[in-house]
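If you follow the hints, you should be able to join the two separate chains into one complex; please do so.
Residue numbers (my numbering), protein chains in the order written: chain D, 1 to 376; chain Y, 377 to 637.
Hints were generated in silico from the structure; no laboratory data involved. Incorrect hints may have been included.
[Unchecked claim] Cross-link-like lysine-lysine pairs, in silico, DSSO-like; alpha carbons within 30 Å at most:
1. LYS335(D) / LYS244(D)
2. LYS178(D) / LYS190(D)
3. LYS548(Y) / LYS485(Y)
4. LYS310(D) / LYS335(D)
5. LYS427(Y) / LYS310(D)
6. LYS310(D) / LYS287(D)
7. LYS335(D) / LYS548(Y)
8. LYS335(D) / LYS287(D)
9. LYS548(Y) / LYS310(D)
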Amino acid sequence: MSPPDPDGPAPDDIVGRLKSPRPSDQASGPGDTRTSDVSQDNFHNSDSKGDLKALGRDSAQLHDKHPAEKVALSPHAPLSGRDAAIAERKVAALFGVAVLGVIGFLVTFFAVEQEFGVPGNVYFTPLLGVFMAMALGGIGSGTVLWAKLLMVDEESVQERHPFGSKPEERAATAQALKQGIADSGLPRRKLLRNSLLLGAGSLALLPLPFVGFLGKFQHKERILATTAWREGARLIRQNGTPVKLGDLLIGGVESVYPDVEGGTFTADSPALLIRMRPDELELEGQKQQWAYQGHVVYSSICTHLGCPVKLYETQTHNLLCPCHQSVFDASHGAKVIFGPAARPLPQLPIFVDDEGYFIAGGDFEEPVGPSYWERG
Amino acid sequence: MSASSRTGRRTSRLSGYAVVLIALSVLGTLYTAVAGPSSAQEKPGTDQSMKVQEGRDLYLSGCSTCHGLDLSGGAGGPSLIGVGASSVIFQVESGRMPLAAGVQQAARKDARYTLEQIDALATYIQSNGGGPTLPPGDLTDGDLQLGGALFRTNCASCHNFAGSGGALTYGKYAPELAPASARVIYAAMQTGPESMPRYGDNQLTAEEKRSITRYVRYISEAEDVGGASLGRYGPLTEGLVAWIVGIVGLVGLTLWIGART
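Only chain Y is shown next, with the shape it has when bound in the complex (with noise of 0.2 Å):
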């Protein structure tokens, strides 16, 4: 009986506990809640301000040696006025910038920044002339099947079919695309880096976009239902193993057979 009291008083305590947790969390969301839009919408002026700080001074300690003090370009980086925000998230989010010393092409690595700071880095850029950027919201929203054949007319002919990549003139290469996030490869469309073409919203809109970047996803994730991929190079990597694994071993079957006659 005493037993059963002392836990009920205790329970009584901690539930008396729980209650203003309760209370005071369902009081936060509803702050938020009401509140949360206006000072939003109150906000963006000193956000965009402080990024674009953060950017120039990420940038004055990381960019500024080769791009110049003031974005036009120097000591072998080209000049980055107009370039955009996109190719910023491009360059940077793919790790191809800061760029690795003296090579033909700059080559995928792992990012050196954060996203926050990419942000800031491209809202920096974005500032200085304008450019490309990406648009808001989901990037791989689009109609796959559009994307698989605009990829085929527009993409296929340098990355391959399954976006394994290829070879272009001396050295140079397309790379493969399975390890591009979505805003990357959007990135990629809009700015043209290095060797590739740009795809400017007259020639592939938004939507076609976004559908050729949730076609290269969709194919980067997609099971291989046929075992190993073998690159997913097509009929030659097939073929090679076809001639070198299947032969040799009928040529080892057929010996061994006549060995042991």
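One chain only, chain D, in its complex shape (with noise of 0.2 Å):
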């Protein structure tokens, strides 16, 4: 809708600009589907009852000449005379508060004296608020009043025309085509025919090679499978101090990382050192022999998603992950006991070096973390 007249547009002008008659009614040419649309006969601009009316017609007689459209103007007609005048006073008002707020946050900005970490001026924030605010509320308010006040408030309904092409129009299409495929030769020229069936044919074996024979380009250097933990790597704290013998006492926990270049900075070492009554701890086979009086050392990136798994409960031996719930077992070999985590936690193994401190028997046997696609 164009900007409105300073002193409103007249009712009767309102309706001669809803009855006059699209331009492109005889202009559109062949061809030109984008105007032709328009030309349509079941498209139309509509008239309102008023606009009936004044035209002396009977609002039934012409439903039926134009079933596709309605129009109705809502009883809130555009203000006229003096007050559009005020009103559009009103909402350039509000457009000189916007600039107002702009200006004032630019000045804000740039002249009132603020370091990052130092106490400054306690207003400062507030007040680009509040000018963000005029800017942004100013320009939103007016634009709302003016299209309140100011513009034409109708509704219209406009109905969809056919999809299909008219019948002529189709009728031209095939006529080509056919023609087209006459031209070419085709239909006569059989050995034409056949190469191009057997060449575009032999097209369909392209994707083989991608069903099921891409293996040999699978990576094989299992970054994905493997670790920072290395053989005789000693577990140290996040600050670098390597974990005693000792050092913890029954019912203790400690985040551990392998002692090597970076190793409290890559993602997938972080592990949880535990340690229980030996007689709390049943492991099953070899994962006996990676435990060390009652100290046992898990993974600590969830089977399930990688969230840290730390919580744990000194009573039940719990271990939790706190994003989606999972429950391990730690006295078990951490074995899942609740939640959505498919396998438990793989376990490191530890022994004690001749100084006492606590050493990797190696990496992690199994993968840590969320399963992935060659993880099997």
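Following this line, the structure appears as structure tokens:
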């Protein structure tokens, strides 16, 4: 809708505008589908009821002739004359508020002394907020007021025309296709036709390698399956100090990392060292050898979606993942006893070196963390 | 003339009392200052044994039903031999003991005993089998920054980064830390009550525990600079409020604008 006339359009003007024929009616040529849409018989400009009365026609009669459209003017006609002038000034004032807000914002931002970390003017941030609210709110409320007071308020229903092309256009297209095929000589030249079918048909075999034969391109470095833990690497805390046998009391836990270059920063290596009474720890088979006098180390990366599992309850030996409530039993090889995790937390083999410090017996035997494509 | 002389007489009489009073208090202070230490040095034995006796009386009347007459445990209560004074301070000062009947986890309540009674109880328990005790002095004089780093490494996984606590398995929970006193916080690290791990001095030194205690007290008393803390649970509650209050507000505003058109 174009911006309103300052004096406001008279009701007659609206009717005239609504009735005015689209210029495209006659101007659209063949092939210009965009404008030919408009020229379809079942697409029309609309008339309001008041409009119909003005034309002296019966509304039902017109409805039959123009089934696709209805337009109603709402009872709120745009303001006109003096009222419109006042409304325009109100809108302009709101836009002016927006300008003041922008100016105030910029002045505050550049003129007020403010340093990060230094206590400064307590009104700095609130002022920025107030000015920004003035700027955005002025534009917004001005626009709303403009639309409500000065624009034509109308509701129109415009029905779709049939999607299909006209029968004669379809016939013409079919004729052109037939002519093209005949011109290409395909119906006559059997060799050409058959070789084309063969060539195009053989394309179907192209995706064959993607169906189960990409194995040889699988990456071999097993980067997702290994961590920074090495045989003989000491278990260190986040601050770099090594953990000694006896540092932990029974019922103690410690987040441990491998004592290798950048070991406390590798995302897949964090583990949890837990000490419980040796008779409480029931591990299966070889994993018994991986624990040391009631000390056991599990990867602290959840096998469900990789959250840090460090919520250890000393009485139940439950290890809880805070993200999706998977619960692992630390006294039974971190087997899953609740929640969405599918596998136990991998256990790290640990031993104690000559000086009494904990060392890793190697990397985790299985990949840590959530499942991935080639994990199997 | 006569009035002023009467006033003067009264003043001199009052100042006489004042001089005596000041002299007496100075003498008293001096006596305490000089004689105090020596009398305190010879006291502990009797004081300690009186405390043990008082603690024993409190124990027998309030705790022995569950923990046994000889501290060896019994009907529902664990043995208290070797748990140390810190356990008593944690459990009794935070109101968890005496226990309300039949609960999954002891809840924080108003303390049933006074601080003197708790000290007496702690002395009595400590005299039977020893165990961890609180170090003397201010427990919150550690390094705030170090405390923060250690808190995030060791404590935040259960107690939340702002000490708001959180859920554990099967109805248990890590409690909010703000209501805990410095003594209770320190004792909790030493003793590892209920689900909580224990942190011995080889793992977290006394200095490191003081730092953590200072940090927890600091964040518990810290102002919420952003306005409402929303429970200090972080993005979860903040996002919830943004969606419920913000989006519902916007929808309401939109409906209002639409209705007025």
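Hint check results:
no.: 1; hint: LYS335(D) / LYS244(D); in the structure: holds (27 Å)
no.: 2; hint: LYS178(D) / LYS190(D); in the structure: holds (18 Å)
no.: 3; hint: LYS548(Y) / LYS485(Y); in the structure: holds (16 Å)
no.: 4; hint: LYS310(D) / LYS335(D); in the structure: holds (15 Å)
no.: 5; hint: LYS427(Y) / LYS310(D); in the structure: violated (41 Å)
no.: 6; hint: LYS310(D) / LYS287(D); in the structure: holds (21 Å)
no.: 7; hint: LYS335(D) / LYS548(Y); in the structure: holds (20 Å)
no.: 8; hint: LYS335(D) / LYS287(D); in the structure: holds (13 Å)
no.: 9; hint: LYS548(Y) / LYS310(D); in the structure: holds (15 Å)
Taken one by one, the earlier hints fail for this structure only at number 5.
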